[in-house]
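> Could you put together the complete structure from these sequences and hints?
For the record, the sequence lines run as chains G and V.
Sequence positions in the first sequence follow our numbering and run 1 to 535.
Sequence positions in the second sequence follow our numbering and run 1 to 275.
Everything labelled a hint here was simulated from the structure, so no lab data went into it.
Since this is a predicted model, take the numbers as computed values, not measurements.
Treat the hints with care, since some could be wrong.
[To be verified] Some chain G residues close to chain V (C-beta under 8 Å, calculated; not the full set): (1) Thr319; (2) Tyr381; (3) Asn383; (4) Gln394; (5) Ala397; (6) Leu405; (7) Val406.
[As the list claims (entries may be wrong)] The following residues of chain V were derived to be distant from chain G, with all beta-carbon distances above 10 Å: (8) Ile18; (9) Leu21; (10) Trp31; (11) Arg47; (12) Ala78; (13) Leu81; (14) Phe104; (15) Met110; (16) Leu123; (17) Gly150; (18) Ile162; (19) Val168; (20) Ala171; (21) Leu191; (22) Pro192; (23) Arg237.
Where is the CB? At the ideal position from N, CA and C, for every residue including glycine.
One letter stands for each residue in the lines below.
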Amino acid sequence: MAGFEISRRKVLAGSAFLLASTALPSFGWTQEKKGGRLVVAADSEPRNLNPAIVASNGVFFISSKVVEPLAEASFDGKDGLAPRLATSWEGSDDGLSVTFKLREGVTWHDGKPFTSADVAYSALSVWKPLQNLGRVVFKDLEAVETPDDHTAVFKFSRPTPFQLIRNALPALTSVVPKHIYEGTDIAANPANNAPVGTGPFKFAEHKPGEYYRLERNDNYWGEGEPQLDEIIYRVLPDRAAAAGALEAEEIQLAAFSAVPLADLDRISKVPGIKVIPEGYEALTYQLVVEINHRRKELADAKVRQAIAHAIDRDFVVKTIFLGYAKPSTGPVPQNDKQFYTADVATYAFDVAKANALLDEAGYPRGDNGKRFSLKLLPAPYFNETRQFGDYLRQALAEVGIDAELVNNDSAAHQKAVYTDHAFDLAVAPPVFRGDPAISTTILVQSGIADGVPFSNQGGYKNADLDALIAKAAETIDPAARIGLYKDFQKKVTEDLPLINVAEWGFITVARDNVKNVANNPRWAVSNWADTYVET
Amino acid sequence: MRLVRLFRSPEAISGLVILGLLGAMALAAPWLFPRDPLSIAGPPLLRPFQDWALPLGTDRLGRDVVAGLFHGARTSLAVGLAAAAASILVGSVVGTAAGFAGGFVDEVLMRITDAFQTVPGFLLSLALVSVIGPSLGVVVVAIALSSWTGPARIARAEVLSIRERDYVASARVIGMHPVEIALREVLPNALPPVLALSSVIVAAAILTEAALSFLGLGDPNRVTWGGMISEGRAVLRSAPFLSIIPGIALVLAVLGVYLAGEGVVESSAAREGQA
Numbered sequence: 001m002a003g004f005e006i007s008r009r010k011v012l013a014g015s016a017f018l019l020a021s022t023a024l025p026s027f028g029w030t031q032e033k034k035g036g037r038l039v040v041a042a043d044s045e046p047r048n049l050n051p052a053i054v055a056s057n058g059v060f061f062i063s064s065k066v067v068e069p070l071a072e073a074s075f076d077g078k079d080g081l082a083p084r085l086a087t088s089w090e091g092s093d094d095g096l097s098v099t100f101k102l103r104e105g106v107t108w109h110d111g112k113p114f115t116s117a118d119v120a121y122s123a124l125s126v127w128k129p130l131q132n133l134g135r136v137v138f139k140d141l142e143a144v145e146t147p148d149d150h151t152a153v154f155k156f157s158r159p160t161p162f163q164l165i166r167n168a169l170p171a172l173t174s175v176v177p178k179h180i181y182e183g184t185d186i187a188a189n190p191a192n193n194a195p196v197g198t199g200p201f202k203f204a205e206h207k208p209g210e211y212y213r214l215e216r217n218d219n220y221w222g223e224g225e226p227q228l229d230e231i232i233y234r235v236l237p238d239r240a241a242a243a244g245a246l247e248a249e250e251i252q253l254a255a256f257s258a259v260p261l262a263d264l265d266r267i268s269k270v271p272g273i274k275v276i277p278e279g280y281e282a283l284t285y286q287l288v289v290e291i292n293h294r295r296k297e298l299a300d301a302k303v304r305q306a307i308a309h310a311i312d313r314d315f316v317v318k319t320i321f322l323g324y325a326k327p328s329t330g331p332v333p334q335n336d337k338q339f340y341t342a343d344v345a346t347y348a349f350d351v352a353k354a355n356a357l358l359d360e361a362g363y364p365r366g367d368n369g370k371r372f373s374l375k376l377l378p379a380p381y382f383n384e385t386r387q388f389g390d391y392l393r394q395a396l397a398e399v400g401i402d403a404e405l406v407n408n409d410s411a412a413h414q415k416a417v418y419t420d421h422a423f424d425l426a427v428a429p430p431v432f433r434g435d436p437a438i439s440t441t442i443l444v445q446s447g448i449a450d451g452v453p454f455s456n457q458g459g460y461k462n463a464d465l466d467a468l469i470a471k472a473a474e475t476i477d478p479a480a481r482i483g484l485y486k487d488f489q490k491k492v493t494e495d496l497p498l499i500n501v502a503e504w505g506f507i508t509v510a511r512d513n514v515k516n517v518a519n520n521p522r523w524a525v526s527n528w529a530d531t532y533v534e535t
Numbered sequence: 001m002r003l004v005r006l007f008r009s010p011e012a013i014s015g016l017v018i019l020g021l022l023g024a025m026a027l028a029a030p031w032l033f034p035r036d037p038l039s040i041a042g043p044p045l046l047r048p049f050q051d052w053a054l055p056l057g058t059d060r061l062g063r064d065v066v067a068g069l070f071h072g073a074r075t076s077l078a079v080g081l082a083a084a085a086a087s088i089l090v091g092s093v094v095g096t097a098a099g100f101a102g103g104f105v106d107e108v109l110m111r112i113t114d115a116f117q118t119v120p121g122f123l124l125s126l127a128l129v130s131v132i133g134p135s136l137g138v139v140v141v142a143i144a145l146s147s148w149t150g151p152a153r154i155a156r157a158e159v160l161s162i163r164e165r166d167y168v169a170s171a172r173v174i175g176m177h178p179v180e181i182a183l184r185e186v187l188p189n190a191l192p193p194v195l196a197l198s199s200v201i202v203a204a205a206i207l208t209e210a211a212l213s214f215l216g217l218g219d220p221n222r223v224t225w226g227g228m229i230s231e232g233r234a235v236l237r238s239a240p241f242l243s244i245i246p247g248i249a250l251v252l253a254v255l256g257v258y259l260a261g262e263g264v265v266e267s268s269a270a271r272e273g274q275a
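This is the structure we're talking about:
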């Protein structure tokens with residue numbers, strides 16, 4: 001009871017302060033909504049904050065409030081999109097051009113007007129040559145015509161499916177200002193560390209090791225937006241600290257499962273705190289076992305099938321993810337509405353069958369009960385990928401495969417797996433980004449240069465699959481394209497170039513007074529223009 | 001006489017008892033828990049004293065905490081002893097060489113020792129393990145690398161006084177090779193004070209190993225107490241026993257080693273005083 005009294009007093013004091021700061025003696029509900037400071041937990045400090053170059057969730061989490069894409073994912077919009085800097089988009093029937101109508105009356109944070117020249121510059125000079133994902137999707141982009149200040153026409157040298165471009169809009173099309181980047185070394189431009197955009201918040205400051213501060217953009221194009229005055233990202237690299245900070249009201253929101261899954265049950269019972277599993281539908285992470293096909297044992301499909309049978313997906317979901325995940329059936333997650341098919345080869349948990357397959361493949365158990373030894377490299381990015389590594393080692397031991405765990409930090413892991421190929425099995429968490437062509441086909445396609453992270457670096461080569469991927473990449477008709485990707489899922493699950501184990505979204509934990517949370521499928525990495533703190 | 005003295009001090013007795021228990025745990029581990037201690041033995045997050053097959057419960061993946069504790073004692077003791085042995089060996093050889101040779105060799109060796117001493121030991125271990133990659137051997141080398149300087153300095157100080165003694169001079173007179181004199185006459189007599197350091201080094205090595213494992217730089221294919229504490233940390237609020245149990249084991253082990261070492265040093269000092 002005493003605790004309640006104190007916290008109420010604090011809240012009253014805080015609201016009095018906020019009312020004073022708005023300098024408007026109105027108590028109407030619109031005034032109550034406006035303003036406020038949101039303090040959120042940040043678990044990493046990306047060096048490069050330019051989402052046009054580094055399209056990753058760690059960067060988006062901060063910079064999506066500052067730099068906007070052409071369109072954002074939406075629960076109820078047409079094709080699952082809501083307009084941002086583009087108001088409409090249309091593809092030609094031959095797949096060679098896409099026309100964007102751009103929003104009028106938008107200004108950059110430094111006061112200059114936003115025009116089609118910025119879009120053309122971003123597309124040709126940043127997304128296509130420099131961006132990790134744009135290199136794939138925009139590889140055939142030849143020119144961007146700008147007939148007027150608010151129209152941009154993308155011209156492709158080869159047919160490029162409009163469906164793919166549409167699905168790529170939220171993650172790949174962050175527009176950066178031409179007048180700041182033109183004529184400079186784009187990768188070394190200081191604006192990469194202090195981004196300038198058109199978004200609802202301006203980048204204010206970054207104190208390394210302490211916080212990032214974003215402040216309200218008073219000239220934002222959205223009417224009555226943003227609601228918040230300020231967003232503070234408090235750097236809390238220690239995951240256990242986020243839960244404590246939420247309970248102490250030092251922070252009001254922790255996204256991307258900053259609160260460990262094992263703590264959710266307890267924290268959901270704390271009054272004033274809610275656990276929100278929504279808002280990550282378009283950011284599905286997949287738990288995948290990457291396989292090095294250069295190892296002669298693993299080049300045998302029977303061995304790969306045996307490994308797939310040795311993994312208890314329900315155990316993984318229940319114990320490692322504590323129920324906050326789903327078992328995977330194939331390379332496209334079940335929550336994808338456009339491409340997913342359940343009609344694929346499946347591998348039920350069956351130790352006897354796994355043992356039989358390994359015997360059949362010609363790898364009998366030796367005198368010590370072991371068939372052969374492997375090096376297993378779990379990705380260090382998440383607790384869950386590490387724990388799954390621990391589990392997989394045990395699961396493989398049950399079928400007589402001796403796996404030696406090798407733990408590395410992020411940089412060493414990426415080098416070992418994606419550049420040096422010094423692994424037999426690896427655990428990876430790739431992201432499905434709404435279209436298999438963005439970041440999924442690259443996981444099994446052959447002919448990818450060494451060193452490209454989250455791509456097929458296991459030496460897998462399947463001409464049929466490569467042909468299928470190439471055909472889908474230039475199929476314009478959406479229905480035919482979806483058909484090809486359903487085939488793709490079937491082929492991948494039959495031949496198992498990699499093993500999909502589970503898929504998960506993250507969890508947001510927030511104080512009750514933070515409103516408009518999780519209202520779009522990429523909420524954590526969207527612009528938070530309508531979010532507010534109730535006082 | 002010496003043993004009697006040793007058993008007269010209560011600290012030494014408790015230290016030796018703890019150490020004995022620890023040694024017994026380490027030796028009995030593969031016999032009592034023949035399965036891989038990292039294998040999944042039951043339902044996850046079972047609390048202690050619920051199921052007598054798993055008396056101290058299970059961790060987040062359902063691994064047996066008792067099995068982890070026993071096998072962890074093996075790792076901790078192995079690393080502690082190996083690192084201490086390696087650092088005393090290296091330290092006394094370097095110290096003897098420096099003290100006995102003197103002059104330029106002494107200068108060079110002691111400046112190298114200084115250089116190692118100016119870098120915080122734990123940082124040095126951390127850097128080495130993160131560069132080479134974690135495995136038991138590397139962890140031992142990393143710890144030895146940061147703790148050989150103490151024995152080296154003490155050995156050198158002892159050697160400086162011993163090399164002026166008459167029996168060394170006579171060895172020289174009968175024409176023994178200097179290396180032979182250093183190894184057969186000087187080093188054995190310089191060793192006792194160096195060995196007195198060993199309990200401190202073992203205790204520090206156990207702690208360093210635990211700290212490295214806690215930071216995720218232990219050998220992931222072995223159970224270590226530090227690793228157990230680190231894994232338990234994610235569920236500290238809901239299952240604190242996962243961190244507390246190996247934590248207690250760690251405290252007891254370090255305390256045991258230290259008390260026993262202290263007891264041995266005191267009893268031998270008393271004996272010398274009597275003689």
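> If we take the beta carbon of V/Ile18, is the closest beta carbon in chain G still more than 10 Å away?
Per Cβ check, V/Ile18 is outside 10 Å of chain G; nearest 30 Å; holds.
> Test the statement that V/Leu21 is away from the interface with chain G: the closest C-beta pair must be farther apart than 10 Å.
holds (28 Å)
> Just want to verify: V/Leu191 was marked as not at the interface with chain G; is every Cβ pair farther apart than 10 Å?
holds (38 Å)
> Would you check whether G/Leu405 satisfies its interface hint, that is, whether its CB is within less than 8 Å of any CB in chain V?
holds (4 Å)
> Far enough from chain G: is every CB of that chain over 10 Å from the CB of V/Arg47?
holds (14 Å)
> Closest CB-CB distance from V/Ala78 to chain G, is it above 10 Å?
holds (18 Å)
> Please settle this one: V/Pro192 was flagged as non-interface, so is its CB more than 10 Å from every CB on chain G?
With a cut-off of 10 Å, V/Pro192 remains clear of chain G, as the shortest Cβ separation is near 41 Å.
> Restraint: G/Val406 near chain V, CB-CB cut 8 Å. Satisfied or not?
holds (7 Å)
> Does the CB of G/Tyr381 sit less than 8 Å away from some CB of chain V?
Violated, because the Cβ-Cβ distance from G/Tyr381 to chain V comes to roughly 13 Å (cut-off 8 Å).
> Going by Cβ atoms, does V/Phe104 stay more than 10 Å from chain G at every point?
holds (41 Å)
> Check the non-interface label on V/Gly150: least C-beta distance to chain G beyond 10 Å or not.
holds (30 Å)
> According to the definition I'm using, a residue is off the interface if its beta carbon is farther than 10 Å from all beta carbons of the partner; does V/Trp31 meet that for chain G?
The claim stands: V/Trp31 keeps its Cβ more than 10 Å from every Cβ of chain G (closest is about 18 Å).
When each numbered hint is compared with the structure, violations occur for hints 2, 23.
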